[in-house]
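**Student:** Keeping the supplied structure of chain A fixed, place chain B upon it in accordance with the hints.
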Amino acid sequence: MSDDNGPAALRVDGLVAGYGEVIALDDVDVTADTGAITAVLGANGAGKTTLLRAISGMIKPRRGRVLLDGADMAGRGPEQMVRAGVAHVPEGQGVIAELTVEENLRIGMMSLPAGKRRRADRGAALEESYERFRPLADRRRKLATTLSGGERQMLVIARALLARPRVLLLDEPSLGLAPRVMAQVMDLIVRLSREHGLTIVLVEQNARSALAIADHGLVLNLGRVVAAADAPTLAADVALRHHYLGF
Amino acid sequence: MVEFLQFTLSGAVFGMVYAAIALSLVLIWRGTRLLNYAQGGMAMFTTYVAIEVIYRTGSYWAGFAVALAAGIVLGAICERGVVRLTTGKPPLNAVIVTIGLLILLEGLAGILYGGQYRSFPAAFSIIGLRVGHTPIGVSRFDVFVAVAVLVTTLAFAAVFKYTAAGLRLRATAFNPTIARLSGIRVARVLTVGWALAGLLGALAGVLVSPSTFLYPNSMDTIFVYGFTAAVIGGLDSPAGAVVGGLLLGIVLSYVGGYLGTQGPDLTALVALGILVVVLMIRPDGLFAGARLRRV
Numbered sequence: 001m002s003d004d005n006g007p008a009a010l011r012v013d014g015l016v017a018g019y020g021e022v023i024a025l026d027d028v029d030v031t032a033d034t035g036a037i038t039a040v041l042g043a044n045g046a047g048k049t050t051l052l053r054a055i056s057g058m059i060k061p062r063r064g065r066v067l068l069d070g071a072d073m074a075g076r077g078p079e080q081m082v083r084a085g086v087a088h089v090p091e092g093q094g095v096i097a098e099l100t101v102e103e104n105l106r107i108g109m110m111s112l113p114a115g116k117r118r119r120a121d122r123g124a125a126l127e128e129s130y131e132r133f134r135p136l137a138d139r140r141r142k143l144a145t146t147l148s149g150g151e152r153q154m155l156v157i158a159r160a161l162l163a164r165p166r167v168l169l170l171d172e173p174s175l176g177l178a179p180r181v182m183a184q185v186m187d188l189i190v191r192l193s194r195e196h197g198l199t200i201v202l203v204e205q206n207a208r209s210a211l212a213i214a215d216h217g218l219v220l221n222l223g224r225v226v227a228a229a230d231a232p233t234l235a236a237d238v239a240l241r242h243h244y245l246g247f
Numbered sequence: 001m002v003e004f005l006q007f008t009l010s011g012a013v014f015g016m017v018y019a020a021i022a023l024s025l026v027l028i029w030r031g032t033r034l035l036n037y038a039q040g041g042m043a044m045f046t047t048y049v050a051i052e053v054i055y056r057t058g059s060y061w062a063g064f065a066v067a068l069a070a071g072i073v074l075g076a077i078c079e080r081g082v083v084r085l086t087t088g089k090p091p092l093n094a095v096i097v098t099i100g101l102l103i104l105l106e107g108l109a110g111i112l113y114g115g116q117y118r119s120f121p122a123a124f125s126i127i128g129l130r131v132g133h134t135p136i137g138v139s140r141f142d143v144f145v146a147v148a149v150l151v152t153t154l155a156f157a158a159v160f161k162y163t164a165a166g167l168r169l170r171a172t173a174f175n176p177t178i179a180r181l182s183g184i185r186v187a188r189v190l191t192v193g194w195a196l197a198g199l200l201g202a203l204a205g206v207l208v209s210p211s212t213f214l215y216p217n218s219m220d221t222i223f224v225y226g227f228t229a230a231v232i233g234g235l236d237s238p239a240g241a242v243v244g245g246l247l248l249g250i251v252l253s254y255v256g257g258y259l260g261t262q263g264p265d266l267t268a269l270v271a272l273g274i275l276v277v278v279l280m281i282r283p284d285g286l287f288a289g290a291r292l293r294r295v
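Sequence lines, in order, name chains A and B. Letter 148 of the first sequence, counting from 1, is numbered 148 in this note's numbering, and no numbers are missing. Letter 230 of the second sequence, counting from 1, is numbered 230 in this note's numbering, and no numbers are missing.
This is chain A alone, in the form it adopts within the complex (with noise of 0.2 Å):
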């Protein structure tokens, strides 16, 4: 992929990973370019979580190699890696529920250097995030916990896009979103990669939702890569969207 499209923004190499005895990534590859976005599809158990775990440092890798730009960061751990630009938005709409909208905000900028002249960054940064985001504005002394499943999601994508992310790790964005909620979060998606240049590596579980907006694809059946290609190409692969991807 990053052959012909440019360098690669996130390339993990022959990465194997786990937990206790149970091996859930098995030599696994993956290229991610810059401004694309990157899908990661399979059945339950696949690894997928994994991989974005083992990439963002929650969990050590066994082996392999996580280079974003070119250095090697595997073993780094998830406070090292959001400072040198990889930003997990883990499953399950990852708000803080006893914090308010705009602590949960506030918290992305945590890895960000501190400073007086960078406090006026802050701010400055918190209300692009609101004019960006419209209903976090309204909501901003709210507790996150009376959001509604989407603004829970725009909101953690938001607190990512807060530490200044060169790469974005999506874990199952549209989990548990009503249909019509999941299209505008994946348009958002959409939008972040196209207009603003961001590299996204998107788990899914809507296999096709999912090819739908990637550029590339991958599809992992227990712990190792069955198929990579461009998102057009898996789609068109009937077996395979048959035997791993369900539809």
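What the hints contain is simulated information worked out from the structure, not anything from laboratory work. Note that the structure is a prediction, hence the values are computed from the model and not measured. Just to be clear, a hint being listed does not mean it is correct.
Okay, derived cross-link-like pairs now, EDC-like style, lysine to aspartate or glutamate, Cα gap no bigger than 20 Å in a straight line [stated by the list, open to error]:
| # | chain 1 | residue 1 | chain 2 | residue 2 |
| --- | --- | --- | --- | --- |
| 1 | B | Lys161 | A | Glu103 |
| 2 | A | Lys142 | A | Glu98 |
| 3 | B | Lys161 | A | Asp13 |
| 4 | A | Lys142 | A | Glu102 |
| 5 | A | Lys60 | A | Asp13 |
| 6 | B | Lys89 | A | Glu21 |
| 7 | A | Lys60 | A | Glu91 |
| 8 | A | Lys142 | A | Glu128 |
| 9 | A | Lys60 | A | Glu103 |
| 10 | A | Lys60 | A | Glu21 |
| 11 | B | Lys161 | A | Glu102 |
| 12 | A | Lys60 | A | Asp72 |
One-sided excerpt, in silico: chain A residues whose CB lies under 8 Å from chain B [to be verified]:
| # | residue |
| --- | --- |
| 13 | Pro78 |
| 14 | Glu91 |
| 15 | Ile96 |
| 16 | Glu98 |
| 17 | Leu99 |
| 18 | Thr100 |
| 19 | Ile107 |
| 20 | Ser111 |
| 21 | Pro113 |
| 22 | Arg166 |
| 23 | Arg224 |
| 24 | Val226 |
The calculated label-pair distances, taken between Cβ atoms and stated as ranges, are [unchecked claim]:
| # | chain 1 | residue 1 | chain 2 | residue 2 | range |
| --- | --- | --- | --- | --- | --- |
| 25 | B | Thr177 | A | Arg141 | 51 to 59 Å |
| 26 | A | Gly14 | B | Ala187 | 28 to 36 Å |
| 27 | B | Val276 | A | Arg164 | 51 to 59 Å |
| 28 | A | Asp237 | B | Lys161 | 49 to 57 Å |
| 29 | A | Asn221 | B | Thr177 | 50 to 58 Å |
| 30 | B | Arg80 | A | Leu222 | 50 to 58 Å |
| 31 | A | Glu127 | B | Phe213 | 18 to 26 Å |
| 32 | A | Arg141 | B | Arg80 | 16 to 24 Å |
| 33 | A | Asn221 | B | Val95 | 36 to 44 Å |
| 34 | A | Glu128 | B | Thr163 | 36 to 44 Å |
| 35 | A | Gln184 | B | Tyr162 | 31 to 39 Å |
The beta carbon of each residue, even a glycine, is placed where N, CA and C say it ideally should be.
**Tutor:** Relative to chain A, chain B alone:
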């Protein structure tokens, strides 16, 4: 009526000390889901540090300040040097470790300072104040105790609510995974949480010791009442810790005051009774949030 006022005020003063201990337990519980059984031992140890400084310098306030600083340092050392080793291990490991820490601190205090009861000076007069000719059951020092805990509690509340450091502490307490993914150095924040808990414990130690004497086990009973207050209020609730402490202090003061010679012996039993009743009616404590109850 005068007696009632006296018992209420003196109970509230002791209640503030229980609240400080309860708050220190809540701070650690919220961040790590760990009950720090060594909290009383840490408070006792820093009070010994205070008394040594007071004896050597002749200044109560030097001892007071050094005790608080020692509380911060001891809290941070305990977390980084001992408790962190239990991260990712079964919860019982951490429980055993804090109990071991308590035994270590009490043993060390015995070796370094001896086991005898030592009196601890008060910052202000301990002679009861009067309104006209009527004694109100509290001294200037008691007023200082109440104000010190109140100011510290309000300062903590302000820091938690209005500063970036407070937001880091709250985010880590509520959801450490999201906190880490947002770039918060959770391990460092937990150390800060333990340091602050150490400070609160040290404050409780120097404030209560003029009334109880100082010896290696002197904070055990205070810890039990502080723990009871924290559970009554709800281990997740700082406000609950303060209210629980006050409630317990006042009720125990009534028991000690109204039940004559039997009263002091019954206070522990009454504290246990209150604990059982609260746990039966509201198992997560009086101030437990709705989210906690749904789980």
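**Student:** Hint by hint, say whether it matches the structure.
**Tutor:** The hints, checked one at a time:
Taking the CA atoms of Lys161 of chain B and Glu103 of chain A, the gap is about 10 Å. The hint holds against a cut of 20 Å. The hinted pair formed by Lys142 of chain A and Glu98 of chain A meets the criterion: a straight-line CA distance of about 10 Å does not exceed 20 Å. Note on Lys161 of chain B and Asp13 of chain A: the hinted pairing is violated, with a Cα-Cα distance of about 44 Å set against a maximum of 20 Å. Restraint check for Lys142 of chain A and Glu102 of chain A: the C-alpha separation of about 8 Å stays at or below 20 Å, so the hint holds.
As the CA atoms of Lys60 of chain A and Asp13 of chain A are separated by approximately 14 Å, the hinted pair is consistent with the 20 Å bound. For a cut-off of 20 Å, the pair hint linking Lys89 of chain B to Glu21 of chain A stands: about 17 Å separates their Cα positions. A hinted pair counts as satisfied when its Cα atoms are at most 20 Å apart, and Lys60 of chain A with Glu91 of chain A qualifies at roughly 19 Å. For the hint linking Lys142 of chain A to Glu128 of chain A, the alpha-carbon distance of about 19 Å falls within 20 Å, and the restraint holds.
Annotation: proposed proximity of Lys60 of chain A to Glu103 of chain A is violated, straight-line Cα distance about 29 Å (limit 20 Å). With a CA separation close to 14 Å, the supplied pair Lys60 of chain A and Glu21 of chain A stays within the 20 Å bound. With a C-alpha separation of about 12 Å, the suggested pairing of Lys161 of chain B with Glu102 of chain A holds against the 20 Å cut-off. Using a Cα cut-off of 20 Å, the hinted pair Lys60 of chain A and Asp72 of chain A holds, with the two alpha carbons roughly 13 Å apart.
Given the 8 Å rule on beta carbons, the hint for Pro78 of chain A holds: about 5 Å separates it from the nearest Cβ of chain B. About 11 Å separates the beta-carbon of Glu91 of chain A from the nearest beta-carbon of chain B, more than 8 Å, and the hint is not met. With a cut of 8 Å, the hint placing Ile96 of chain A at the interface with chain B holds, because the nearest CB-to-CB distance is about 5 Å. The beta carbon of Glu98 of chain A is positioned within 8 Å of a beta carbon in chain B (closest approach about 5 Å), and the interface hint is therefore held.
Interface hint at Leu99 of chain A: satisfied, since its Cβ lies 7 Å from the closest Cβ of chain B, which is below the 8 Å cut-off. For the restraint placing Thr100 of chain A at the interface with chain B, the shortest Cβ-Cβ distance is roughly 10 Å, beyond the 8 Å limit, so the hint is violated. This hint holds: Ile107 of chain A has a C-beta 5 Å from the nearest C-beta of chain B, less than the 8 Å allowed. At its closest, the beta carbon of Ser111 of chain A sits 3 Å from a beta carbon of chain B; the interface hint therefore holds under the 8 Å criterion.
With a cut of 8 Å, the hint placing Pro113 of chain A at the interface with chain B is violated, because the nearest CB-to-CB distance is about 11 Å. Contact between Arg166 of chain A and chain B, as hinted, is not supported at the beta carbon level, the nearest pair being about 14 Å apart and thus beyond 8 Å. Taking 8 Å as the C-beta cut-off, the interface hint given for Arg224 of chain A is violated, the closest approach to chain B being about 26 Å. Here the hint on Val226 of chain A is broken, as its CB sits about 28 Å from the closest CB of chain B, past 8 Å.
The hint said 51 to 59 Å for the Cβ distance between Thr177 of chain B and Arg141 of chain A, and at roughly 25 Å that hint is violated. The hinted window of 28 to 36 Å between Gly14 of chain A and Ala187 of chain B holds, with their beta carbons roughly 29 Å apart. Range check, Val276 of chain B to Arg164 of chain A: Cβ separation about 53 Å, and the 51 to 59 Å hint holds. Here the CB-CB span from Asp237 of chain A to Lys161 of chain B is close to 55 Å, well matched to the stated 49 to 57 Å.
Roughly 27 Å separates the CB atoms of Asn221 of chain A and Thr177 of chain B, a value that falls outside the hinted 50 to 58 Å. The supplied range of 50 to 58 Å is broken by Arg80 of chain B and Leu222 of chain A, whose beta-carbon atoms lie about 40 Å from each other. Checking the proposed 18 to 26 Å range against Glu127 of chain A and Phe213 of chain B shows it is violated: the Cβ atoms sit about 58 Å from each other. Arg141 of chain A and Arg80 of chain B have their C-beta atoms about 37 Å apart, which leaves the hinted 16 to 24 Å range violated.
In this structure the supplied range 36 to 44 Å holds for Asn221 of chain A paired with Val95 of chain B, their Cβ-Cβ distance being about 42 Å. Judged by the Cβ atoms, the range 36 to 44 Å given for Glu128 of chain A and Thr163 of chain B is violated: they are separated by roughly 23 Å. Checked against the hint of 31 to 39 Å, the pair Gln184 of chain A and Tyr162 of chain B passes, with Cβ atoms roughly 34 Å apart.
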